[in-house]
Amino acid sequence: MNKESIKKHKYEQLVKLYHGDLFRYGYWLTHDKQVTEDLVQETFLRAWRALDQLADINAAKSWLITILRRENARRFERKQLTVVDIDDCVVLDEHADIEAGLENKVLAQALDMLSIDYKEPLMLQVVMGFSGDEIAKMLGLNKNTVMTRLFRAKKQMAVLMANQD
Amino acid sequence: MNSEFYQQAISDPHSQCPDFLAALASDPQLKAVQQSQLQQEEAMLALFKSTPTPSDSHLAAIDAISEQSEKKQWSVNNYLALAASLLLCVVSIKYIDIGSPEYNQQLASHTLNHTAHGHSYAGVINTHPTMGQLNVQLASYGASISNVDDLLWNKDCDYEGITSAHLVYQDQNAKINVYVVPDSYEFSEVEKVFSDDRYQGTIKKVSNNYLVIVAPKGHDLAPISQRINNELHWTI
Numbered sequence: 000m001n002k003e004s005i006k007k008h009k010y011e012q013l014v015k016l017y018h019g020d021l022f023r024y025g026y027w028l029t030h031d032k033q034v035t036e037d038l039v040q041e042t043f044l045r046a047w048r049a050l051d052q053l054a055d056i057n058a059a060k061s062w063l064i065t066i067l068r069r070e071n072a073r074r075f076e077r078k079q080l081t082v083v084d085i086d087d088c089v090v091l092d093e094h095a096d097i098e099a100g101l102e103n104k105v106l107a108q109a110l111d112m113l114s115i116d117y118k119e120p121l122m123l124q125v126v127m128g129f130s131g132d133e134i135a136k137m138l139g140l141n142k143n144t145v146m147t148r149l150f151r152a153k154k155q156m157a158v159l160m161a162n163q164d
Numbered sequence: 000m001n002s003e004f005y006q007q008a009i010s011d012p013h014s015q016c017p018d019f020l021a022a023l024a025s026d027p028q029l030k031a032v033q034q035s036q037l038q039q040e041e042a043m044l045a046l047f048k049s050t051p052t053p054s055d056s057h058l059a060a061i062d063a064i065s066e067q068s069e070k071k072q073w074s075v076n077n078y079l080a081l082a083a084s085l086l087l088c089v090v091s092i093k094y095i096d097i098g099s100p101e102y103n104q105q106l107a108s109h110t111l112n113h114t115a116h117g118h119s120y121a122g123v124i125n126t127h128p129t130m131g132q133l134n135v136q137l138a139s140y141g142a143s144i145s146n147v148d149d150l151l152w153n154k155d156c157d158y159e160g161i162t163s164a165h166l167v168y169q170d171q172n173a174k175i176n177v178y179v180v181p182d183s184y185e186f187s188e189v190e191k192v193f194s195d196d197r198y199q200g201t202i203k204k205v206s207n208n209y210l211v212i213v214a215p216k217g218h219d220l221a222p223i224s225q226r227i228n229n230e231l232h233w234t235i
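Chains as they are written, first to last, in numbering that gives the first Met the number 0: chain G, 0 to 164; chain E, 0 to 235.
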């Protein structure tokens, strides 16, 4: 197997293993399917270009998440506002559509009400399965701060859900 | 209930720490808190799994990323296309004079221009980025940083067609511009040491990037270069 084939195989493994998680994570950051698709595509494009730098395949998941978070941040840097006629717009509330199909709408709403400082470590732990140490490394925080934010996030979730009942 | 274990039951209910497991076994109230938290997290996981599925065109585009690259590598047609493009470029440059590149192909010249361009604002508007912000920025360059003291400013710039991480340090009285430029840009000229009438700089190849340090002319580059070498780590 030549070098290029090995790289391609490695890339395909990453897509197979992590595309679903990345897409879900991206969606819960953006709440927009089209934006998420662009974000995930850009993430994999950058991952492909830099794949030779990924020495440890076990670190791939956090590496991909880091790229995705950075791409999401860049989205706001380069965002240009355009003016359109309001009458030409069809308003789509994708989130509402999804929520309608959810068993626990209250949970979704509570999650959306969390600040990003709390929501992000929570998603990284509960959905992506990262440990406190891994989240700390990804977010550039110390582990105690991460564990405190997780505790507060979950307490806030409980309060928000109780208030919505 | 022990408050430390109570916090752990909420923040990390899956913890396998022996002390925590022993506390769970001996404290039914703590166990109930942990179980309730686990249930909530299962519900959250189910919620996340219910996000919309990506479109077929998106999945095809993800797959095509490596396909396109492989075709570029091996397709005879692409070799022919490349040869034709090169021929056209040569003709254009020689006879038609429309051969301006998409980006500045001289790295030293680019960073000198970039530094002059940013002189009025880069590092003047004092942003003092945090280490977390910096490490997010540097991650896609395969780098991380362990100290942000004296770091005034950071941005991902797109200048003269080149995207690079641009950092500005305060070093004594001088502002030092540091660029991390991916080596995916093919430069016709990469000088290790360079200068113009205002600035001087160095270029070093590191990992899959060029590390470029630019300082005002006459400023001693050695200490800041040493510091950056020590504090900027190439992680992947």
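The set of hints was computed from the structure by calculation and includes no laboratory data.
Backbone N, C-alpha and C define an ideal beta-carbon position, used for all residues, glycine too.
There could be a bad hint or two in this list.
[What the hints assert, rightly or not] Distance ranges between label pairs, derived from CB positions:
no., chain 1, residue 1, chain 2, residue 2, range
1, G, Asp111, E, Tyr120, 13 to 23 angstroms
2, E, Pro222, G, Gln33, 43 to 53 angstroms
3, G, Asn1, E, Asp196, 44 to 54 angstroms
[What the hints assert, rightly or not] Every beta carbon over 10 angstroms from chain E, so not counted as near; a handful from chain G, in silico:
no., residue
4, Leu16
5, Asn57
6, Lys60
7, Met112
8, Ile115
9, Gln124
10, Val158
11, Asn162
Going through the hints against the structure:
The supplied range of 13 to 23 angstroms is broken by Asp111 (chain G) and Tyr120 (chain E), whose beta-carbon atoms lie about 36 angstroms from each other. Between Pro222 (chain E) and Gln33 (chain G) the Cβ separation comes to about 49 angstroms, which falls inside the hinted range of 43 to 53 angstroms. Take Asn1 (chain G) and Asp196 (chain E): their Cβ atoms lie about 49 angstroms apart, and the range 44 to 54 angstroms holds. A cut-off of 10 angstroms between C-beta atoms confirms that Leu16 (chain G) is not in contact with chain E; the least separation is 13 angstroms.
No beta-carbon of chain E is positioned within 10 angstroms of the beta-carbon of Asn57 (chain G); the least distance is around 12 angstroms. The beta carbon of Lys60 (chain G) is kept farther than 10 angstroms from every beta carbon of chain E, the shortest such distance being approximately 13 angstroms. No Cβ of chain E approaches the Cβ of Met112 (chain G) within 10 angstroms, the least distance being about 14 angstroms, so the stated non-interface status holds. No beta-carbon of chain E comes within 10 angstroms of the beta-carbon of Ile115 (chain G); the shortest separation is about 13 angstroms.
Once the 10 angstroms rule is applied to beta carbons, Gln124 (chain G) is inconsistent with being away from chain E; the minimum gap is 8 angstroms. The claim that Val158 (chain G) is not at the interface with chain E holds, since no C-beta of that chain comes within 10 angstroms of its own (minimum 12 angstroms). With a least CB separation of 15 angstroms from chain E, Asn162 (chain G) remains clear of the 10 angstroms interface cut-off, as annotated.
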